[in-house]
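A.B. asks: Generate coordinates for the entire structure from the input sequences, incorporating the hints supplied.
2 protein chains.
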Amino acid sequence: MKEERVFNFSAGPAILPIEVLQKAKQEMLSLKRSGMSVMEISHRSKEFKEILEKTKLSIKQLLKIGDDYEILFFSGGASLQFALIPLNFLNKSADFVVTGHWSMKAFQEAKKLGVVNLIYSSEKENFSTTPRKSDLKANPSSDYVHYCSNETIDGVEFKYDLEVGNLPVVCDASSNIMSKPIDIKKYALIYAGAQKNLGPSGITLVIVQKDFLSRAKSNLPTMLSYKSFAEHDSMPNTPNTWGIYLIGLVCDWLREKGGLERIAEINLEKAKLIYKEIDESNGFYRSKVEPSSRSTMNVTFSLPSKELDEKFCAKAEEIGLRNLKGHRSVGGIRASIYNAFPLEGVIRLVEFMRDFRRKYS
Amino acid sequence: MKEERVFNFSAGPAILPIEVLQKAKQEMLSLKRSGMSVMEISHRSKEFKEILEKTKLSIKQLLKIGDDYEILFFSGGASLQFALIPLNFLNKSADFVVTGHWSMKAFQEAKKLGVVNLIYSSEKENFSTTPRKSDLKANPSSDYVHYCSNETIDGVEFKYDLEVGNLPVVCDASSNIMSKPIDIKKYALIYAGAQKNLGPSGITLVIVQKDFLSRAKSNLPTMLSYKSFAEHDSMPNTPNTWGIYLIGLVCDWLREKGGLERIAEINLEKAKLIYKEIDESNGFYRSKVEPSSRSTMNVTFSLPSKELDEKFCAKAEEIGLRNLKGHRSVGGIRASIYNAFPLEGVIRLVEFMRDFRRKYS
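Line order of the protein sequences matches chains A and B. Heads up: the first sequence at position 245 corresponds to 245 in the numbering used here, and the numbers run straight through without jumps. Heads up: the second sequence at position 319 corresponds to 319 in the numbering used here, and the numbers run straight through without jumps.
One thing to keep in mind: the hints can contain errors.
Listed next, the stretches of chain A that the computed footprint assigns to chain B, with coverage defined by at least 3 CB atoms under 8 Å from CB atoms of chain B [said to hold, decoys possible]:
1) 72-80
2) 154-160
3) 201-211
4) 220-226
5) 269-276
Which stretches of chain B does chain A cover? Using the computed rule of at least three CB atoms under 8 Å from a CB of chain A, they are [said to hold, decoys possible]:
6) 127-137
7) 283-295
By construction, these hints were calculated from the structure, which means they are not laboratory data. All residues carry an ideal CB built from backbone N, CA and C; glycine is no exception.
C.D. replies: Okay, structure coming up:
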């Protein structure tokens, strides 16, 4: 029986590669003919350890990560990291670069736990831009600088790997991890909730430089301690095994697609199509974001009125273009076009945008 | 194509009802004809909110919980609760009842965060028993008393709902939640990692009395705060949506089976069959656990030698009786027979035990 699928622009939890879902479906009752689901086997079993090792290796190969980094999996989403990072690494102070909703949240959570410096904020510019490298001045004694490489809600993305003085860089890459190659050497710690580009919700990938990790505090409660996660290969307790399994399948899929270089080309092609339609719409579609900071993952825009925003979403839903509504805090339209979102769906959206503009402008 | 399944005695992640796996498989690419997997939809969507509400309601109905309790879902496993409970509720001191590996761990984690009193420990008895009610004396000024209702590794289970003076009772019920009816009024807080009786790993059910919840500290980091989870209906961030969905399906299955009264009868019948074989084996199979504290969920025993323990497991594997090896810290044999484990598999195990004894005693 063929299953009807839609074009799902959800910002997260978001579309997964259909090949991954099919594989998970096929193995649901019996992983590799074991007679058990991956959800039914011990995290300490040979079968699961193989999955964990394979997944870590795939991540290292895709992102070209050397043995000077640890690959860890935490539960709890990126939001838990907003607390764990200061709990583990904040001694004197930490510097924050705020370019949208999520980096603001990370800043506010860290504030509860220590001294924080806001070294850049685009809040006054309505989170429409990212800093130029020369805008940023670090506090040399800070323990780290934190930023968010792609702001899902605002549609703002850094086009370079941030560097601020000699500070260790900590990056929330939840919504653009693995969407393009990065220069891993520039990062002390990268974390990413899986539910956008990597897998299901409820699991977070953490890539951390071993040297930086060695500075983490000791004597923290086991489940709040980076060191305990590293010492126990992400398993101080039972991890989200289903999540790790799916991340592994997504990595397999990425490798089959040609790796991050190739996926980055496709992602750019997809984003360009929508931005082109926005730019050529004579102001009917408006992007608040400065062209140089436009996100390749989350294309945000609005129409001349709230009523038109709503009509746009409603009409789109009718033809299977789902979940285009912007985040409740900012309104407008948001097309999230992560790795797994097919080019075909973007073409359909652009056609729809053209038709809609003709009718309502 | 019929899929070969085995009898999976894994202690956790553990066997799930086959009907649940089949339903999840069937809906994998399209939840209720939405054209999207449950893993691909927003946690704020109508579709997912329905799942969350339905799951909470099922839990309330199955455990006969009134509106004076909150039903919450956390990520991170029961081990995360070992830290969160003291972080939120420990002001003066907390009392601990230790009857095995897990309650000991909870005690040790809490120790890092405040004053703790060990008011009972069966460590000297090799964790082979539970206290009589008269054994327990609370410190009247303590904030709560903590215990574990079923020790998965040791195979020790409380046969009554603990009461200690007037202290609020906090219970780790990870491995016997929903295996039998309980008197919910006796508990201030119950928590349970899902991966034994409820669903997949990476998600934890918390049932908390609203009155007790009101004593939780404020100003904690959002993701470490019970209050923020309650205020945001378990969604201060994106929860493990797949986990909640599966717990909902497991609850549907439990209701179809006749609820907790009926499942408790079946569980008792299953456990009795194995304990009877142990007791009638003339000491070939040995249970360390006092008969009145024997677990209905995890039946632990050992054979006359380590070699025989190993041979027992190896021979059992050959005929599809999988994962009978005891926890690495205690050795021996462990048959975990949670709700989803079929009576048929227990009968096969007992037959195998008889044959094995005849051959090797």
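A.B. asks: A separate judgement is required for each hint: does it hold in the structure or not?
C.D. replies: Verification of the hints:
Counting residues of the stretch 72-80 of chain A whose C-beta lies closer than 8 Å to any C-beta of chain B gives 7; at least three are required, and the coverage claim holds. Here the stretch 154-160 of chain A counts 0 residues with a CB under 8 Å from a CB of chain B, which misses the bar of 3, and the coverage is violated. Counting residues of the stretch 201-211 of chain A whose beta carbon lies closer than 8 Å to any beta carbon of chain B gives 3, which reaches the threshold of three, so the coverage claim holds. Counting residues of the stretch 220-226 of chain A whose beta-carbon sits less than 8 Å from any beta-carbon of chain B gives 5, enough to reach three: the coverage restraint holds.
Only when three residues or more bring their CB closer than 8 Å to a CB of chain B does the claim for the stretch 269-276 of chain A stand; here the count is 0, and the claim is violated. Counting residues of the stretch 127-137 of chain B whose CB lies closer than 8 Å to any CB of chain A gives 0, which falls below the minimum of 3, so the coverage claim is violated. Judged by the Cβ-Cβ criterion of 8 Å, the stretch 283-295 of chain B is not covered by chain A as claimed, because only 0 of its residues qualify and three are needed.
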